[in-house]
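Student: Please model the complete structure; the sequences and the hints are all you need to start from.
Those sequence lines, one after another, are chains A and B. Just so we're aligned, residue -18 is where the first sequence starts under my numbering, counting upward by one. Just so we're aligned, residue 333 is where the second sequence starts under my numbering, counting upward by one.
If you are wondering where the hints come from, they were derived from the structure by calculation, not from laboratory data. The beta-carbon is built from N, C-alpha and C at its ideal position, and this holds for glycine as well. Any given hint might turn out to be false.
Cβ pair distances, simulated, as ranges [to be verified]: (1) B/VAL572 <-> A/VAL203: 49 to 57 angstroms; (2) B/LEU350 <-> A/ASN59: 27 to 35 angstroms; (3) A/ASN59 <-> B/ILE391: 49 to 57 angstroms; (4) A/ALA4 <-> B/PHE449: 39 to 47 angstroms.
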Amino acid sequence: MDRLLQEIALFAPAAVFNVYFAAASIPLGFVFAVALALGKASPNPLISRLSRGYIYAFRGSPLFIQFFMLYSLALSFNVAVWKPWGISWFVLHPLFIGPLVLTLNTGAYTAEIFYGALRAVPRGEVEAARAYGMSRAQQFRHVVWPNLIRLAWPAYTNEVVFLFHATAIVYFALPVIGNQRDLMITAKDLFERDYNAFLHFSVAALWFLAVSLVVFFLFGLVYRRLMRHMPAAPGMRFAPKWLR
Amino acid sequence: MSEDLAFWLSYITNGKHLTWYASFQFTIFAAVFGGTLAVIFGLLGATLKNSRFLPLRLIGTVYSSIVRGVPDVLFFLFFPLAFEQAVEWFIAGQVCTPEMLAAQSAAWPPCKEANWFLGTPEYLVLASVSLGLVYGAFATNVIHGALRSVPKGQLEAARAYGMSASQLLWRIHIRQMWVYALPGLSNVWMLIIKATSLLSLLQIADIVLWADRLGAPNFLPTVGLVHDDWRWRYYLVLFVFYILVTLLSERVFEAIMRRAGRGILSEVRH
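Tutor: Set out below in structure tokens:
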């Protein structure tokens, strides 16, 4: 039991890296996703096609490959661009490129969720807003967006949890610099030292579970606030959907 | 121009590239075998979850929620390692003598004779089983939901015809369940396809590992074409490959759903 507690404490600094990757990419991915979802629904065929293609490509390919591809792409520009500019230490750093790729990935997944919600926004409400003489921006701000975010929130919560789970593979694709080890790499290193798979991997799993539950709790609070006008808010289900 | 073409043609058909193409078999094997196992585990899990016996129902629920609650990579790495250790521990109990145990200096295995060497085929099977276990948990949920969406009237009619419980389950319930489960199972299949990119984490020389080797910069003319870092090109090929596989799977699933939906409630078909 003592050993287990020690082990849990040992993993705490590693969990910070996973939380960092998720926390850095979620807000950026959110903004990006809104833009992509609106782009996909845009009447302009060029913008619509581009957003559609982007979402399809990044949802249809493994995150692992996306990491390798974008990292090696960044590496190939190193001599020509990053080095002369003196920013290669920054651009090639996992703490930069990790959130970047995660943002691109979660942007696509979240955009699909938001697009679905956008299409589910009641038509009558939008028509009523137009009848009131609201401008396009006002319609979006006061009618479409509040509906969209309420419809999308449960699915978005699952997506956030799965993005957090996806941070587990960041350091399998990117180089580990110094002591910056996340949960998976810590578990793997400890395993290679004493071959105790059951202890180390279970503790890493526990950390992932614990943080996921915290995310569910916090997002549940937000959902309650979003739904505060409703008589009885439908409860959030612990039903994470799909991971990448 | 034609010389160029001939040169590139011979480049992409040299020995290393042919090995790369051959390594697609691992990915395909893992996807197909893992997918089959996922459906089997999913059916098993859903049956457990539907069971009238509480402990079994608990096992089913715990399986589907715990495995989905941790990252797939974690389980993917953990299961083969844990299985290997369990087998080695079992062998150690059979063959190790006290002298052997004393002679062993490393932390594992207990004695050298108990070591179980895993080659590519063993790892491939273990990787497929862990894919099956992980995505079986997802399939459990899908199938559990599908079993509940089968119209009650169908089951009542079957019972009225005097079918036994197992006849009802196999001839009516599971037969009709597929229509409701297919959209969800198609999503699980997409996840499995994407998860096959992780095979290289288990020391399988799969397409990802070969793409890395082929693209790595080469400065020795004796080894092959001298080029700088081309990895991103190879990864781009894999990126496109996975997108195409997704596209193809979507088409195939659409066709299957159309076929499975024949004669069943029209609202299921779009």
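Student: Does the structure break any of the earlier hints, and which numbers would those be?
Tutor: Structure breaks hint 1 only.
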